[in-house]
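Assembling the complex is the task here: the two chains are given apart, and the hints tell you how they should meet.
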Amino acid sequence: MKQDLTRREVAAALLAAAPALAVDNSLQAPAAQGDPLAAARKQLRRSLEKMEEFDLPMPVEPAFIFKP
Amino acid sequence: MPQFTDDIFFATISELNAKLKAREFSAKELTRAYCDRLEKLGPAYNALALSLRKPALKKAGEVDGDLKRKRFRGPLQGIPFGVKDLLSVAGYPTTWGARPYAGQVFDDDATVIKKLAKTGAILIGKLAMVELAGGGGYSYPSASLTGPGLNPWDKSRWSGGSSSGPASAVAAGLVGFAIGSETSGSILTPSAFCGVTGLRPTYGYVSRYGAMALSWTMDKLGPMCRSAEDCGLVLEAISGGDSNDPGSAGKRFYYAPRFARKFQDLTIGYAPVDFDEWPPETSRPVLQQALAVIRGMGFRVKEVELPDFPYGPVTGTIIDAEGSAVFEPLIRSGKVDELADQEQIAGLKAGLEIPAKDYLRAMRIRRLILDEFKKLFWEVNFLVTPTRFSVAPGAHERLGEGSRQQPKPKSRGLRDMIPAGNLAGLPALSLPCGFDGGLPLGISLVGRPFYENTLLAVGREFQKQTDWHRRRPPV
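Protein chains in written order, with my numbering: chain A, 1 to 68; chain B, 69 to 543.
Everything labelled a hint here was simulated from the structure, so no lab data went into it. Be careful, since some hints might not be right.
List of simulated lysine-lysine pairs, DSSO-like, C-alpha gap at most 27 Å [said to hold, decoys possible]:
{"no.": "1", "chain 1": "A", "residue 1": "K67", "chain 2": "B", "residue 2": "K319"}
{"no.": "2", "chain 1": "A", "residue 1": "K42", "chain 2": "B", "residue 2": "K403"}
{"no.": "3", "chain 1": "B", "residue 1": "K182", "chain 2": "B", "residue 2": "K96"}
{"no.": "4", "chain 1": "B", "residue 1": "K425", "chain 2": "A", "residue 2": "K50"}
{"no.": "5", "chain 1": "A", "residue 1": "K42", "chain 2": "B", "residue 2": "K425"}
{"no.": "6", "chain 1": "B", "residue 1": "K89", "chain 2": "B", "residue 2": "K532"}
{"no.": "7", "chain 1": "A", "residue 1": "K50", "chain 2": "B", "residue 2": "K417"}
{"no.": "8", "chain 1": "A", "residue 1": "K50", "chain 2": "B", "residue 2": "K476"}
{"no.": "9", "chain 1": "A", "residue 1": "K42", "chain 2": "B", "residue 2": "K417"}
{"no.": "10", "chain 1": "A", "residue 1": "K67", "chain 2": "B", "residue 2": "K443"}
{"no.": "11", "chain 1": "B", "residue 1": "K186", "chain 2": "B", "residue 2": "K89"}
{"no.": "12", "chain 1": "B", "residue 1": "K442", "chain 2": "A", "residue 2": "K67"}
{"no.": "13", "chain 1": "B", "residue 1": "K478", "chain 2": "B", "residue 2": "K443"}
{"no.": "14", "chain 1": "B", "residue 1": "K442", "chain 2": "A", "residue 2": "K50"}
{"no.": "15", "chain 1": "B", "residue 1": "K183", "chain 2": "B", "residue 2": "K136"}
{"no.": "16", "chain 1": "A", "residue 1": "K67", "chain 2": "B", "residue 2": "K425"}
{"no.": "17", "chain 1": "B", "residue 1": "K443", "chain 2": "A", "residue 2": "K50"}
{"no.": "18", "chain 1": "B", "residue 1": "K476", "chain 2": "A", "residue 2": "K42"}
Covered stretches of chain B (in silico footprint by chain A; criterion: 3 or more residues with CB under 8 Å from a CB of chain A, positions within the stretch not fixed) [stated by the list, open to error]:
{"no.": "19", "stretch": "383-396"}
{"no.": "20", "stretch": "422-428"}
Pairwise CB distance ranges (calculated) [what the hints assert, rightly or not]:
{"no.": "21", "chain 1": "A", "residue 1": "P57", "chain 2": "B", "residue 2": "F140", "range": "55 to 63 Å"}
{"no.": "22", "chain 1": "A", "residue 1": "K42", "chain 2": "B", "residue 2": "K443", "range": "34 to 42 Å"}
{"no.": "23", "chain 1": "B", "residue 1": "N312", "chain 2": "A", "residue 2": "G34", "range": "40 to 48 Å"}
{"no.": "24", "chain 1": "A", "residue 1": "G34", "chain 2": "B", "residue 2": "D104", "range": "44 to 52 Å"}
{"no.": "25", "chain 1": "B", "residue 1": "A424", "chain 2": "A", "residue 2": "D55", "range": "17 to 25 Å"}
{"no.": "26", "chain 1": "A", "residue 1": "K42", "chain 2": "B", "residue 2": "A324", "range": "43 to 51 Å"}
{"no.": "27", "chain 1": "A", "residue 1": "K42", "chain 2": "B", "residue 2": "F327", "range": "50 to 58 Å"}
{"no.": "28", "chain 1": "A", "residue 1": "K42", "chain 2": "B", "residue 2": "D134", "range": "53 to 61 Å"}
{"no.": "29", "chain 1": "A", "residue 1": "K42", "chain 2": "B", "residue 2": "E440", "range": "27 to 35 Å"}
{"no.": "30", "chain 1": "B", "residue 1": "P475", "chain 2": "A", "residue 2": "R46", "range": "20 to 28 Å"}
{"no.": "31", "chain 1": "A", "residue 1": "F64", "chain 2": "B", "residue 2": "G133", "range": "44 to 52 Å"}
{"no.": "32", "chain 1": "B", "residue 1": "N312", "chain 2": "A", "residue 2": "F64", "range": "15 to 23 Å"}
{"no.": "33", "chain 1": "B", "residue 1": "K476", "chain 2": "A", "residue 2": "G34", "range": "20 to 28 Å"}
For each residue, glycine too, the CB sits at the ideal point set by N, CA and C.
Isolated chain B (complex conformation) (with noise of 0.2 Å):
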């Protein structure tokens, strides 16, 4: 029986399949160690909705027949994995987070289930989400059936939402990736603050077949990884059209960081009032030092600010709009009311009431939206800014408050990416960056649609030159 230490634990999924492959362990010992690792140290962080552990071993053994007749499907094959508890797994309790869900079970794979199984890699447990992925606005971490996720680096802080769960169980080692949502955040924000990378594709590129609806028009699946090159090898396994998706691009990512343009012919653009001004000054060194090591890559630099636009209320229209219509049952039936925050339950209701004219105003003003990100991405190849602007905050404190000490700048920078990039469909890859009293940052880096291969070139010779992304929380 091989001894599993930290090093594997914490490896990366290259690092992982080679080892499979050179026969240091089997799937199968690999699988037992993960899961493990996760039925023991998940709860810990509020992060483990439901182990896989039996499926996952008879999967690992299937795996390992594979590998013995050196039958190679890449590089995920035989590598455990996690996925946000949004996503169906027939014949297992789905939850969503949320307690009127509990015993919700479906009877199909979601597609990137589906696609990740043909590679060979082991899905080993559900991990835990915030509830209804935070439709309706949540104001505390413990919006959440399984408690508020906690942060590996520091077990008092939050380690963020929607997808806090998959966030804390790629920071701890208690999966080799995992995959995530973002409508508005969901996956930067918790990747920033437990020091993981974390991709959100363009809009359309992965299939949100069988993943929980919040806004048909907003939602995304990612890979939460150890490393940029990681999440290149996930998305291009999970990427490409699906007919049973109404919003899929139709387009498959093909992860080729080999083909990156030159860094000396693209521009960069990002702004001084972000990384100097908007943070606490406790992270401002930290912030200004990554986008060094980033401009130090040899790329041209342009300052820019976000076109003015009232991004937080389109968006919070459009999620509270279409939230509200998915989850109309659940509201009319009353059991709305079984959710764990009560802001949450009223946004909800609350939802139900915007008349159809202000939802068509908001999407209207996105087309404008839109519109203007084309202009901006003619000038610059890339944004750089700040995932967010401080570490996280603490798990049982209500959110938002105390998060502005000092005087608020003139400027806007890119303060509103999240909510900006969201509503444009952008692809962004949020990469861990330094510390802050001992709890980790994220600096963003957002294309215009389909720019994945350069944002994962940038950020892999980002993590070339720094080893952020390397350290370990202490577990």
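This is chain A alone, in the form it adopts within the complex (with noise of 0.2 Å):
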């Protein structure tokens, strides 16, 4: 059933839905600047070319061993 609100008992609930509305910014880290993917993949491969100028011979094996 609806049921219109008086001005005085829409104000009510708004003031008290408003701590529930705010957003508890204390434990976010501040927004990042600009688009943070995009600077992250940039980054990555940043990383990857660092990489692919080391001059890395054949037959060298990664860092792990596989024993069945």
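Listed below in structure tokens is the structure:
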């Protein structure tokens, strides 16, 4: 059943909801500058480029061993 | 009811254990006092994730029964300790410092916790950490469910991470010792920033079972204490083979400082540039003096430099690829967006896009790094370098900004020792070595694999000749 609220009732409801609606930013890190995902991808690409510059002889195996 | 003064809260493990055996106070009284202190002061440093007062007091009662019957189990018996909140404690939340895991509960204790329980040590709390141990990268100290770790020496400064809670808690005398973890810097950095003694053991020495994985090939658990001696005692208790950990080295550590080789027979490697040029000017005298103390112990000395490898990109690629694989369900579900740090979220997402060929390239370069360290340790027995070149940054600053104002030195020295040492699985001991502007600095000893006894022997001697590890922050 629909019930119209008075203006006083609307104001009281909004005030009661304010703490729940407020976002607790005290635990959030500040918003990242620009597009963080693009920046992360760019950083990864830079790392990969640095590794590609490194002369890696063909016989070198990865630093893990599989033993059945 | 005995009076617990700061002398008790800042005592070493051996000192506390002696007092317990002499019945100056009971384990229950000591545990209650530490719990009160941890619950009261821990939140002031955002160091406490969860108090475990009730099970701790129960355990303390059992320990008192043993002590009364003179059933002595060793130096850790009755000592209250805390663990980084990436270690599972059965039936209690293990949050990994991250909102998506805030309600997570496991039904088994981590191996490290089981081992410490057998010694009679008393777990009193889970300590705060950077969310997911910083996997994916993070740009602010507030990258944590509990907010930024605050430094007991100056609460406007960061405690360091990712083992932020363990470092603050040990520094402020809230626990007798703590267990932290390191993938790349997470024991050493907060140890240096908070003026505590931190030991990163050889990879595989301590079981990772029950610890959150970030990088399977780089994660290590280790003690954070008030002295090198304490680190040795704790490592002995927590080390050893574990069939539940595929990375276990299957070796046990026995703390034996009396069998350390004569210092005159050993050679240390260091880079002058690490003490004379890389640090800011105000930190140099402190670090140089610490080096002088070590050199004064009679070692042979050799100047060295790290071989030229892309340590940062290799470390980053391995941690990003392995970390994103670990947290793939979190990322694919979208719950990764609940993390506190935007760059961490982005880093984890991007990490899933690393091609296998690039991960393998990083692991192949890692093989060469391992080979080069083997050669380096034929020439020197261990390396000495500042743990970090400068003091803790501001707790609300963007990390990495404003870090270098002076010209870059020509030589790299041992500047990349943290990523390099972690790639090679090497042990490292960070010792408090003085203050710059009232904030602690640390010096690190880095050895070949399984060289912990020598590092600890040198650390013990350093702490006989200096008293930096005894200084107390204004709590």
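Enumerate the violated hints, using their earlier numbering and listing them in ascending order. The structure breaks none of the hints.
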